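K.L.:
Sequence:
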Amino acid sequence: MTLDIRTGSLLPGIAVAGFPAAAPPHRLLATGTLLLSGVTPGTRIDLGRHQQMWGLLPTPDLDRLVGAAEWAGVMGAGGAGFPTARKLASVAGTKAPVIVNGSEGESASGKDTVLLLHVPHLVLDGAVISARALGSRRVIVRIPESRPQVIAAVAAAIDERHDKGVRITINAGADTFIAGEASAVISSLEGGPAKPVPMSKPPTMRTGLRAQTVLLSNVETFARVAVAVRGHRVTSSLVTVSGAVTNPGVLEVDPMTPIGEVLARAGADSDLAAVITGGWHGTWLPADALTLHMPTNRADLKARGAHWGAGALVAIPHDPCPVDVLQAITDHLVGEGARQCGPCIFGLDAAREDLRAGREVADRVQGRGLCAHPTATIAAVRSGQALLADEITAHAHGHCTRKEAQ
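For what it's worth, numbering that gives the first Met the number 0 labels the leading residue of the sequence shown as 0, then goes sequentially.
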């Protein structure tokens, strides 16, 4: 019994996110200033309508841009949640090329695909505003080559724009889980493999004999920058919901909306075994009242010891057995590693075998990998193992308590 996380092949009863070509459905469950305002299914907001909604492109200097990002509380939306104002300030005076990271290798997330397909000008505005404030002349939009609809939507938006002094290009690359890691993106842009490499902070691109600092941020981050510099705060959360739901997709929700309500709006089963917050590197939580009443935002989840990541929720049903689902996710994460350092090769393989044998997965690789993937994978597996401890022990002895109870 297997579950193919990447392609969405299903075990009975569980749909897994992963939107390699087409847009996930999206719905608005919030009011006020929203990233997806005015979006209807199958449409791209063109430049004329974009300008009607948001006005002409502002041209703030770096101090004003940093101030706007800080005022609006813009955070990195790719997983790390680093304050964008601090990232912008860290590259002051460098004329850093701007990289829009739309890799979205996390197959439990679809928000960046939705933004680039429907509101590409909002994303490009944030990138161009940042480039001009830094004195840069270059914006690169990184998109997986497996998503031709996204590439076409962004290319059409670029053709509509006339951003004097800034050249915007698209770079199509790998769509693996780790391809969106910052150093992997830069390695690929330089002609190398889309795998993490040792790199300074802030990251640099090496062209010939020169090393050039870059500003690399997530698609959603740049969209929020574009709104902030216009004097608006976007307080909503972009959430991708998948798993045991009838209407998987991306929802823009009020940040205080309880997780249970978000899952219900996506058509979740009323009786779930677990909820994963933060995608495959996330936290396994019991589907109890405490979890279902948690607000859907980074700060509240963090305060409760849960991971937000890229804003993905996965509803885990009782059937198929959650232990099988945990094993499938573990297999996926092990297979998606770069396999170029000891913790990734040996540590993750050992963790997978420990899980299969019902042994406690040891934290052998904490902070030791070439990138964060080994550490994050072990943390996610241990989270699932802690929640499912009794079922995992039963599996190790040839029993499945959930199947035998049916």
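These aren't lab readings, by the way, just hints derived from the structure by calculation. Since the model is a prediction, treat every value here as computed from it, not as a measurement. Errors might be hidden in some of the hints.
Per label pair, the in silico range of CB-to-CB distance [stated by the list, open to error]:
| no. | residue 1 | residue 2 | range |
| --- | --- | --- | --- |
| 1 | 270 | 54 | 27 to 35 Å |
| 2 | 79 | 385 | 17 to 25 Å |
| 3 | 357 | 285 | 32 to 40 Å |
| 4 | 357 | 246 | 33 to 41 Å |
| 5 | 54 | 93 | 24 to 32 Å |
| 6 | 399 | 93 | 53 to 61 Å |
| 7 | 303 | 345 | 47 to 55 Å |
| 8 | 161 | 385 | 50 to 58 Å |
Even for Gly, the Cβ is constructed at its ideal location relative to N, Cα and C.
K.L.:
Would you mind marking each hint as holding or not holding in the structure?
P.N.:
Here is how each hint holds up against the structure:
Against the hinted window of 27 to 35 Å, the Cβ-Cβ separation of residue 270 and residue 54 comes to about 48 Å, which falls outside the hint. Checked against the given bound of 17 to 25 Å, the beta carbons of residue 79 and residue 385, roughly 24 Å apart, stay inside it. Judged by the Cβ atoms, the range 32 to 40 Å given for residue 357 and residue 285 is violated: they are separated by roughly 20 Å. At about 36 Å, the CB distance of residue 357 to residue 246 agrees with the hint of 33 to 41 Å.
Take residue 54 and residue 93: their Cβ atoms lie about 29 Å apart, and the range 24 to 32 Å holds. Separated by about 56 Å at the C-beta atoms, residue 399 and residue 93 satisfy the suggested range of 53 to 61 Å. Our hint of 47 to 55 Å for residue 303 and residue 345 is violated, since their Cβ atoms are close to 33 Å apart. At roughly 55 Å, the beta-carbon separation of residue 161 and residue 385 lies within the given 50 to 58 Å, and the hint holds.
The structure is inconsistent with the numbered hints 1, 3 and 7, although it conforms to all the rest.
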